[in-house]
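Model the full assembly from the supplied sequences, consistent with the hints where possible.
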Amino acid sequence: MTMTQAPSGSSSGTPGGPLLRVRDLHTEFRSEDGAALRAVDGVSFDVEPGRALAIVGESGSGKSVSMRSVLRLLPRTGRVTAGEVWFGGQDLLRLPERQMRRIRGRDIGMVFQNAMEAMNPTLTLERQLTEHLLWHGVCTKSEARERAVRALGDVGIPEPERRIRVYPFQLSGGMRQRAMIAMAIVTRPALLIADEPTTAVDVTIQRQILDLLAGLKDQGTGIIMVTHDLGVARYFCDDSVVMYAGRVVERAPTRELLSRPRHPYAAGLLGSSVELGSRDRPLHPIPGNPPDLASRPRGCPFHPRCDRAVLPRCQDEQELIQIGGARAVACWRAEDGHDDQ
Amino acid sequence: MGVVRFFGQRLARLAVSLVAVSIITFGLLQLAPGNFADIQRVTSGATSIAGTGTESMLAETQARYGDDTPVVQQYLTFMKGVVTWDMGPSYRYAGRAVEDIIAAAFPVSATLAVLAVLLALLIAVPAGVFAAMRQNSKADHATMFGVTLGHALPNYLIAAFLILIFTAFLGWFPSSGWERPEHVFLPVVALALGPAAVLARYVRSSMLETLREEYVTAAMAKGGPYRTVVVRHALRNSLIPLVTVVGPLLAALMTGTVFVEALFRIPGLGYYAATAAASRDMPLLMGTVLFFALIIMVVNLLVDLTYGILDPRIRAEGGWTSSRLRKVSTQQV
Amino acid sequence: MDVIAAAEGLHSTGLEPDAGAAGAGETVARARARGPWRKAWDRFKRNRLALISLVMCGVLVVVAFAAPWIAPHHYADTDYEALLAGAGADGHLLGTDQLGRDILSRTLYGLRTALIVAFGAELLALLCALVVGLAAGYRGGRAEQGLMAFTDVMYAFPSYLFAIVMVAVLGRSIFALIVAIGIAGWVTQARLVRAQVLSIKQREYVEAARAMGASGPTIAVRYILPNAIGPMLVTTSFAIPAAIAAEAGLGLLGLGVQPPTPSWGGMISEGTRYLLSAPHMLLAPACVFALALLAFTWVGDGVRDAFDPRGDRR
Amino acid sequence: MTTSDVDSPGSAARPLVAAHEVSKVFGSRAGEVRAVENVSLHIGVGETVGVVGESGSGKSTLARLLMGLQPCTSGRVEFDGQDLATVPGKELRVLRQRMQMVFQNPFGSLLPHYSAVANVMEPLRLHGRGTKTSRREQADALLEMVGIHPGFGELYPSQFSGGQQQRIAIARALALEPDLLVCDEPTSSLDVSIQAQILALLGELRQKLGLSCLFISHNLAVVERLADRVAVMSQGRIVEEGPTERLFEAPEHPYTRQLLGAVLPVTM
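Those sequence lines, one after another, are chains A, B, C and D. Under this note's numbering, residues 816 to 1156 are what the first sequence spells out, in order. Under this note's numbering, residues 13 to 345 are what the second sequence spells out, in order. Under this note's numbering, residues 2 to 315 are what the third sequence spells out, in order. Under this note's numbering, residues 2 to 269 are what the fourth sequence spells out, in order.
If you are wondering where the hints come from, they were derived from the structure by calculation, not from laboratory data. C-beta atoms are modelled at their ideal positions from N, C-alpha and C, and glycine is treated no differently. Heads up, a few of these hints could be off.
[What the hints assert, rightly or not] Which stretches of chain C does chain B cover? Using the computed rule of at least three CB atoms under 8 Å from a CB of chain B, they are:
1) 159 to 170
2) 241 to 254
3) 265 to 275
4) 278 to 289
5) 292 to 300
So, in structure tokens, the structure goes:
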């Protein structure tokens, strides 16, 4: 446990309780013609310390928007309209901006998809790795530099003393991605949000990045991994949440989810994934296209594409149903016997 | 490409461009129907400057060029004059040498242009940043409306309105002359508002673009105070390309002085260029045009150099290529 | 990333709802075909200022065309009984100048001069720019080298100065002004065409077209040109007010059309001379001039926003 | 080095297109970039060859060389026995009817100012096939075949989702009934569920139409699923080539092994 930097006020949280508890989160975007579009529509999940949670979904499912809602970093047109985000004993959504700022970067770190875009091209690594240590008053400038060098070494960048003086574009792609992770963990946050950190890199580098993050997890950091790749979830994440059209459709331990998905969308996603050695298994693609935010179907958002849908029952709102200890599914037919081949 | 090589290449290109400008101008003026003497004869008496100077000046010109010297010879003689800074007498301003007129007029125009650039920057940067940070607010819309006005109206029209307001109706500032400090105000404002509008629009859109960059979000995610993030991450990066706009802008300003100087009757380079053109005073026109071109090219060269120094990407990669720099500068204006 | 995607999707073009209509809904009738032009026009229509300005520009063009019939006097008619008469004087709505000429009539004829020169010059510039820019951008080679070398020179040769020299050479006629302003302006536009063509050439659909077996000219004319027209329209719509301003500017310097044909620049120049005794001489042409420039510029703004919705306006 | 062509196990079929020791060098500011170096590869009639590699391995460039879209710096490409470099431009365009391409970015590769059906009709028009009405009918049929309701044919590419755009692009590529279909990362810009739709469609069409296929992807699983034979590219070279099953089960080259080892399983 390297959580020397205890989250402020974390003492008030229940010991052994979740690190982050998101409840019924709703986020809306204002469209050009003034209509409110629900990008996130009642999302709930928990993150435990030392565990990784995968948020799985396709583009437009609201997985990234949820993360930015948690950190309150939405673009101007977006707004959290309801919900609670409990972290360290306080509801982040009700925190004044000044206190929220103390949490961002210090207690909750964020890793982005593409380091080329997420790092300022005109500042050296040193500036970018130390500035938030100074903002949060964690340590002095010279200590900050030492910590930054150490963080670079920790993520496997050789010659960190020299590398800290370069600009991001002077690093190779894989190295840059690591430097960005170093930037996020230099403050030793209790929670790390990783938004598709391996989507933009080659497979060989993907593996290295994930192993790096796994080391952090073993040290007690809670990690949220936003991904569209079930392989990443399977390799790295203890628990998974599947999102579709702004909603959580299934929540389960990753292995259980992948061995026996209960929601038809989750099953469809699995049936759509192509993996090595599955040459002879026929693909079962989900027909149709995901709905856009402006014309979301009534009730279960998946029912127009679902081969198990029963109308009009599926046009009614469907809450998550708890099945078993750790699983929940937003489908009333989840308990029906599966007849998958 | 190294800095030195880049610089050398650019200097060589500058020389070539200057020669090209001189050839074009000289060639065009050779095509002109009628020469100065004809025009003077036709209009003599009507204009005040004719009279005694004309005859002696014509004699001197003939002595210099000869009546039937071939065009190429004339051109070379003229260029020799340019290089040795001895361009002979002006037709229009009898008794004054072209180089003396330029030497006297340049500081006037330079003062105007530099003051105008400073004023423009002073208005534009805060206005642009302010508008960007309050995107789509009333203040933003008001700023952008002002920008459209400054963008649409040429400086002499702005000058006309300024004269109407401040001279005709309020009587605060004189409308012409260049002797006392109060003569400076109206021309500088008239000259600055257009560039200020261009710059403000540029700063605003550049800021908006930078604020959308993921590294700004990333800096916010690190817990940076909004203001610090804006200044350190967004403002800095959106002002670097601004340097490249200042070059073409200065060029526009320098030429813009032509109209403002004519309107306010300020004895600057532009004023002389205009009168030289109107009266076909070829040596003076050639001299002023070449001098303008030289200034603009030097300014552009300095701008490119500054840009390379400011942006670590270019500095570090040694990407000193004009095409790359120019790409940045032309796209934006 | 999909925060941005979501946000931009909402912002941009109404693409998402359409995609939905084409995808999920089985109602064919609901989906309306909207090509790039249709979309641009729809966006332009939503911009009220641009729409009003467009009408205004139409009115200005009609007035300029009909000036001989609308103007109460001929522009050169002198009324010696009313020299420097103020606005509202007998028979002279906007007053008269130092020679007793009717300011309203002169302003209207000035508009006529300005528009003829501006449209003529822009047409000339556009023709040159399209031919050279397209050739330089698509073919590269000599055309490109030539254009780039020439622009290098023209970069140091400010267009106004060039126009001044041209007028000095060609004399003071409408034709001379058109040529001077057109030639001075085409280089920048040619560069823009070239840049546009180069960027379109990078687009995958051009490579796709080559892969389909399309020939060079077909690609240039059928695929690149139509997609370059939008941005060119933006440039052109800004070039027209610029050309109007250039015509007046040359007039101001005494290099405009031959007097007594009125030019706004000349009128402004004269106006400053009689500033204190007759401010209306300056006020009337300056206001109409400003109005015309703003109307054309706002149309340009509208066109730009219509073709580039992500531009700095939003 | 034609022996490699003869020796490779998949060469029972007559090669439709064959690259013989092709190289492609791009000049750039930083110096020369050897995008493709000394690569030999052939595709037999009715065969699907997969090329895998990481970004910058030169696989996309190789596809363009095989299509004759870019000239080789050295080596030659033969299509049905004809050296593409020696075929004059006009005949090359005629030859292009027999080889068509599907690109990574479907929206970028469709003509934005043409409707969906016009996009599909365009290759037919270019090569003067049929009349306007017959082309229209053919385009409607093609759209139907790739799963786009012809009633949506009048819509423009920007009005479709990414997966639908790729379907339209496929319909367009098939309009000329080509012998060879080159797919350059056709699913990598698409979501997982849409990727599956497109892969299923491509698999089905390939069988139905008896196409020869070059399939380029960074995704090993995708290539494994579709290809009969696979070439692994790294830094411009083919490091290993072989029948799909053999290559995935018993990779010989260390790079192939590294690549395979990095893939994350989903269910196994």
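Do the hints match the structure? See the list:
no.	hint	verdict
1	159 to 170	holds (count 10)
2	241 to 254	holds (count 6)
3	265 to 275	holds (count 5)
4	278 to 289	holds (count 4)
5	292 to 300	holds (count 5)
Checked against the numbered hints listed earlier, the structure breaks none of them; every hint is satisfied.
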